[in-house]
Amino acid sequence: MTTAADMDRVLGDPADLRGLFSHARLAELDRAEEFPADHCRELDRFGLPAHYVPARFGGDLHSYPELLELIRAVARRDLTVAVAHAKTFLGSICVWLAGDDDQAGWLAREVRAGTPVSWALTERGHGSDLLAGEVTAYDGRLTGEKWLINNATRSSLLTVLARTSPAGGPRGFSVVLADKRTLPEGSYRHLPKVPTHGIRGADISGIEFRDAPSTLVGEPGGGLELVLKALQLTRTFCAGLSLGAADQALRQATAFTRDRHLYGRRLIDMPHVRRTLGEAHAARIVGEAVTTVAARSIHTLPGEMAVVSAVTKAFVPARIDELIGACGTLLGARAFLTEVLDHGAFQKLDRDHRVVAIFDGSSFVNQNALINHFPALVGGYRKGTVDEQGLRRTLDTSLPLPAADPDQLTLSSRNGSSLVQHLRAGDLPELPGAAELRQACEEVHGQLAGIAPAARDVSPEAFALAQRYELCFAGAAVLGLHLVNGGDESRATAALAYVLARLTGRPAGPAYDRLAEEAVDA
Amino acid sequence: MPEALEHLLGDPWDPANPLGYAEIVAADERQEMFAEAEQRLDAYGMNAEFVPVEYGGRFSTLDRLARVMRAVWRRDPCLGLGYGASSFIASVNVWAAGSSEQRTAFAKHLLADRKIASVYHELAHGNDFARAELAAYGMRLNGRKEVVTNAQRADSLVIFARTSPDPGSRSHSQFLVDKADLPQDRMAYLPRFPSMGMRGVQLGGVVFTDCPIPDDAMIGMPGRGIETALRSFQLTRTALPSMIIGVLDTGLRTALRFTTGRRLYGRAAADIPYVRAIVAEAFADLLLCDAFCTVTARTLHRLPGLASVPASLVKYVVSQQLIDAMNRLSSVLGAHFYIRDGDHAIFQKLLRDLAVIGFGHAARVACLATVLPQTPLLAQRSWPAAEQPPDAIFQLGTELPPLPFDALAVSASGRDTLSAVPRSMLDETGLDPELRRLAALFATELRELTSEAGDLRPMETGVGASPEALAIPARLAAVLAASACLGVWRHAEGGFLADPTWVVAALTRLTARIGKGDGHLPAPLTRRLMSELLTRHEDSRGFDLTAGSIAG
Amino acid sequence: MDDLHKWLTHLVASYLEKDPDEISGSVSLATYGLDSVYAFVMCGDIEDHLDVRLEPTVAWDYETIDALADHLSSLVEQP
Numbered sequence: 093m094t095t096a097a098d099m100d101r102v103l104g105d106p107a108d109l110r111g112l113f114s115h116a117r118l119a120e121l122d123r124a125e126e127f128p129a130d131h132c133r134e135l136d137r138f139g140l141p142a143h144y145v146p147a148r149f150g151g152d153l154h155s156y157p158e159l160l161e162l163i164r165a166v167a168r169r170d171l172t173v174a175v176a177h178a179k180t181f182l183g184s185i186c187v188w189l190a191g192d193d194d195q196a197g198w199l200a201r202e203v204r205a206g207t208p209v210s211w212a213l214t215e216r217g218h219g220s221d222l223l224a225g226e227v228t229a230y231d232g233r234l235t236g237e238k239w240l241i242n243n244a245t246r247s248s249l250l251t252v253l254a255r256t257s258p259a260g261g262p263r264g265f266s267v268v269l270a271d272k273r274t275l276p277e278g279s280y281r282h283l284p285k286v287p288t289h290g291i292r293g294a295d296i297s298g299i300e301f302r303d304a305p306s307t308l309v310g311e312p313g314g315g316l317e318l319v320l321k322a323l324q325l326t327r328t329f330c331a332g333l334s335l336g337a338a339d340q341a342l343r344q345a346t347a348f349t350r351d352r353h354l355y356g357r358r359l360i361d362m363p364h365v366r367r368t369l370g371e372a373h374a375a376r377i378v379g380e381a382v383t384t385v386a387a388r389s390i391h392t393l394p395g396e397m398a399v400v401s402a403v404t405k406a407f408v409p410a411r412i413d414e415l416i417g418a419c420g421t422l423l424g425a426r427a428f429l430t431e432v433l434d435h436g437a438f439q440k441l442d443r444d445h446r447v448v449a450i451f452d453g454s455s456f457v458n459q460n461a462l463i464n465h466f467p468a469l470v471g472g473y474r475k476g477t478v479d480e481q482g483l484r485r486t487l488d489t490s491l492p493l494p495a496a497d498p499d500q501l502t503l504s505s506r507n508g509s510s511l512v513q514h515l516r517a518g519d520l521p522e523l524p525g526a527a528e529l530r531q532a533c534e535e536v537h538g539q540l541a542g543i544a545p546a547a548r549d550v551s552p553e554a555f556a557l558a559q560r561y562e563l564c565f566a567g568a569a570v571l572g573l574h575l576v577n578g579g580d581e582s583r584a585t586a587a588l589a590y591v592l593a594r595l596t597g598r599p600a601g602p603a604y605d606r607l608a609e610e611a612v613d614a
Numbered sequence: 019m020p021e022a023l024e025h026l027l028g029d030p031w032d033p034a035n036p037l038g039y040a041e042i043v044a045a046d047e048r049q050e051m052f053a054e055a056e057q058r059l060d061a062y063g064m065n066a067e068f069v070p071v072e073y074g075g076r077f078s079t080l081d082r083l084a085r086v087m088r089a090v091w092r093r094d095p096c097l098g099l100g101y102g103a104s105s106f107i108a109s110v111n112v113w114a115a116g117s118s119e120q121r122t123a124f125a126k127h128l129l130a131d132r133k134i135a136s137v138y139h140e141l142a143h144g145n146d147f148a149r150a151e152l153a154a155y156g157m158r159l160n161g162r163k164e165v166v167t168n169a170q171r172a173d174s175l176v177i178f179a180r181t182s183p184d185p186g187s188r189s190h191s192q193f194l195v196d197k198a199d200l201p202q203d204r205m206a207y208l209p210r211f212p213s214m215g216m217r218g219v220q221l222g223g224v225v226f227t228d229c230p231i232p233d234d235a236m237i238g239m240p241g242r243g244i245e246t247a248l249r250s251f252q253l254t255r256t257a258l259p260s261m262i263i264g265v266l267d268t269g270l271r272t273a274l275r276f277t278t279g280r281r282l283y284g285r286a287a288a289d290i291p292y293v294r295a296i297v298a299e300a301f302a303d304l305l306l307c308d309a310f311c312t313v314t315a316r317t318l319h320r321l322p323g324l325a326s327v328p329a330s331l332v333k334y335v336v337s338q339q340l341i342d343a344m345n346r347l348s349s350v351l352g353a354h355f356y357i358r359d360g361d362h363a364i365f366q367k368l369l370r371d372l373a374v375i376g377f378g379h380a381a382r383v384a385c386l387a388t389v390l391p392q393t394p395l396l397a398q399r400s401w402p403a404a405e406q407p408p409d410a411i412f413q414l415g416t417e418l419p420p421l422p423f424d425a426l427a428v429s430a431s432g433r434d435t436l437s438a439v440p441r442s443m444l445d446e447t448g449l450d451p452e453l454r455r456l457a458a459l460f461a462t463e464l465r466e467l468t469s470e471a472g473d474l475r476p477m478e479t480g481v482g483a484s485p486e487a488l489a490i491p492a493r494l495a496a497v498l499a500a501s502a503c504l505g506v507w508r509h510a511e512g513g514f515l516a517d518p519t520w521v522v523a524a525l526t527r528l529t530a531r532i533g534k535g536d537g538h539l540p541a542p543l544t545r546r547l548m549s550e551l552l553t554r555h556e557d558s559r560g561f562d563l564t565a566g567s568i569a570g
Numbered sequence: 068m069d070d071l072h073k074w075l076t077h078l079v080a081s082y083l084e085k086d087p088d089e090i091s092g093s094v095s096l097a098t099y100g101l102d103s104v105y106a107f108v109m110c111g112d113i114e115d116h117l118d119v120r121l122e123p124t125v126a127w128d129y130e131t132i133d134a135l136a137d138h139l140s141s142l143v144e145q146p
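As you go down the protein sequences, you meet chains A, B and C in turn. In this note's numbering, each number is its position in the first sequence, counted from 1, plus 92. In this note's numbering, each number is its position in the second sequence, counted from 1, plus 18. In this note's numbering, each number is its position in the third sequence, counted from 1, plus 67.
Some hints could be false.
[What the hints assert, rightly or not] To be clear about the criterion: a stretch of chain A counts as covered by chain B if any three or more of its residues have a C-beta under 8 Å from a C-beta of chain B, and this derived list gives those stretches: (1) 252 to 266; (2) 326 to 335; (3) 356 to 364; (4) 446 to 460; (5) 464 to 470.
Think of the hints as simulated: they come from the structure by calculation, not from any bench. No experiment lies behind these values; they were computed from the predicted model shown. For glycine and all other residues, C-beta sits at the position ideal for the given N, C-alpha and C.
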């Protein structure tokens, strides 16, 4: 059992040129587009893979919030390493959710031993449109090509979404597990590494199967459902990667604005710099609040994860992309040059992080999922449906989490979101803006009700509303956590101001300024 | 003309074109300038575009120059900067303040395909060039300049150096130096500064150690370096963003090629309403950027004394609008924007290259800070009842007087006519009702700015300006951009430009900048813009105001 | 001349939000922290006060209140 603080110790001082996880070394790998194999081995030695294995299969994964903190600590140092290593978690989830005890027990031993597992969903030409998939696994024999797959080449094991009924459709796909180590020669070949904008060292490649034997994971024909449930967990997990990137971006921008002088004063003493930096810090607090709620909800409100994970994946990476952009404007030329300031760590994370918004479902895909939920969200809001106990256990971070029960995940959240729906009638903390947030939520739900369900021609207006709903959720997360746990008022105020500035246009300035001053003094 | 250059460079999407995107991306991967394309540009005589007609070149008007350069930028921003714009940046100081001998010699130099580096930047001081330290006391250079484009491969240098230790704005001068005239042991090159974008461009640096320079090297009067820069860089701050619009043209073309060729959820991705909205909005952004750039460029010819305000603000608006539009288009490409080879590889390169526009050649906030102190005077002298600007600044392609370099001024002294356009629209009968509503919004915005800027205390307009104060020039920028669009539309002689569709779309986009709208386009506008865009794409025409013929 | 000097001193003091007594006529405006762009503000105010047209850079060339007052007086006294 290890913690994020242990992880920081393992990673060592980023400025130490000899360190495996030094900025210098990581920059070199990025330039050479070389896989961080030594780094992954070091994380194996540290015992990170055991955290990818649920406790009921003998692993260290007791709590998703803890897992996210661990992966955040890695991502804070280097996103490429985090993405490369954590793929094993994504690759295993379908087995944790649906595999039988033998299969899961076997995989648990493999993962703990450091065997890399990959997850092959996407195909050339279809992207996020999983139902268009052409890879088949009739009678368990895999045939066809999966492309743009993280660790397709380096993994020993792959869970693959494949068509098991020629007609396809929602019950026409299954998840199967292929073990390359036992595949007959000639039954698969790797596709070349795809050169990418960021995460250049990662193994983004593909694999082509030809009549390769595989074993079924879960029910035959249950593949799409299984993958969609697994994505509820992985989309939440992605927020940990984003927060790690935010930590690094803010560290650089905060130090730079504190230490650099321009026009005869410290950068941070220029009001517009203070404002920009403060807003970026507020963005992280909001992202943390959403992520905390989401990660705890896996344990406490699993039936709502369809909404929660869609909000989290659509909202957090996009806000952190903006945060990185804002930090970039503060760093100026230093955000562009690759060998100044920590060996160009900033421009690397800028490129690296952009992948988070596109993998495991883009904002477009997740907002579509939210839009499909609009009737349930409106219904739940009007009825005031709240799972009181589940919500309390979500928000009160001092409470231990119940074990995650994957059987409780559902493809659609019938009751909407307890967090947001609670805002309608629940207590409000005495924070500036709390009442305005409630009012804004009221308005947003009125607007949601005005959107007619449309299976195909989803209007751009619906997407704009989905974004407004995400903000309601984020605001509710900030308020809810603050109400139950208390904590630093100026942080919560700034976070709420961030949400309201986007929802209602309310000026947020002074709250950001205080936050920036605290960050610089810290 | 752009058409001739387009023809010479060929269809960039054609895999058989040795100057196409495949080779452009390959050169970028090698971190090299694209040598074959540079030879072709030499053959075209690209540098002549930067030399005023009276010195034997083809530089007649700034808007024409920018349009020609778009043909380069839409292919390869590294060429745009590393071959073209960096020599152009250096040259404007010579045209603006050099002696007649200097101008003649400099023109000869450029016309012989030589490169000139603009030696201004010191990492420690960034945009604060009043604190630049490299010194030229007694005609001897001491100090260093960093992140200088083409420092090593340029034949001559335009150097910005301190000539007095005093603080203030009369302590720097500029020098035009031929490297051949410098003793070799007194100048050393710094190693190249590798960069995330513009990877082919040689960003270097120089260190001078007691390096003598010729007596006649000074450009203009001693101590006038800052003033010359502030005057002449009005040209480059206008023309560079205008050239860079070519990047968004290619971004749009990549998105169209991707979405029309791809099926998602059982239909062409280009038919998904959300995708269409993003693409149409990016097209509207391109048009509004072009209108603001073009009108500002023409203002420099017709009203040079008034250009300091729009020239700074055009950089502010266009840099953000282009970066935002490209980021949104990246979501249309999905995972494909992330891939560095294949059919759409040019997109990620453009995204990386474009980042330079945010901070290079004056950061966005520096543009606002330049204008802010001028706003109280503008509010007092012009905004309440300004006269209308001359028609010529809106009439694309009509003749303009040569650029009156002598008349460029560091401050507009409270004069502005462009912002008067929205109000004047309200007098027009038969105006499209939506356009009237939008024009009224911007007229109202100017009234609010008049009162807010009038209330500013001088202390609030300096380096310590608050974000609220800086919002005043930022909002003014939106008013001026809207004014430029309205003016171009009003003076258009027919066709798409005379149709209210684009100008309503452009102003709708701009409402988001003044907090009076979300900037999203209603479906009928999206439909009409998409139809225009797809027709132009089909017909191989540019996506900018003039919709000229292009090679693929 | 004295009036103009006094008026300029008050003007600069108002920019700096200081008492006019704290402003010396022989210290350069840059030293007071009036950076280059203030010159344009100042130029407009002087133009309005004296009803003259000036180069916007006038305060760059005459960097102290003393020098500026001298220069402006000579302008105003010209026929």
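Results for each hint:
Coverage of a stretch by a chain is defined here by at least three residues with a beta carbon nearer than 8 Å to that chain's beta carbons; for the region 252 to 266 of chain A and chain B the count is 0, and the condition is violated. With 0 residues carrying a beta carbon less than 8 Å from a beta carbon of chain B, the region 326 to 335 of chain A misses the three-residue requirement, and the given coverage is violated. Coverage of the region 356 to 364 of chain A by chain B holds. Counting CB-CB distances below 8 Å, 6 residues qualify, and the rule asks for three or more. Under a criterion of three residues with beta carbons nearer than 8 Å to beta carbons of chain B, the stated coverage of the region 446 to 460 of chain A is upheld, 8 such residues being counted.
For the region 464 to 470 of chain A, the stated coverage by chain B is not satisfied: 0 residues place a CB nearer than 8 Å to a CB of that chain, which falls below the threshold of 3.
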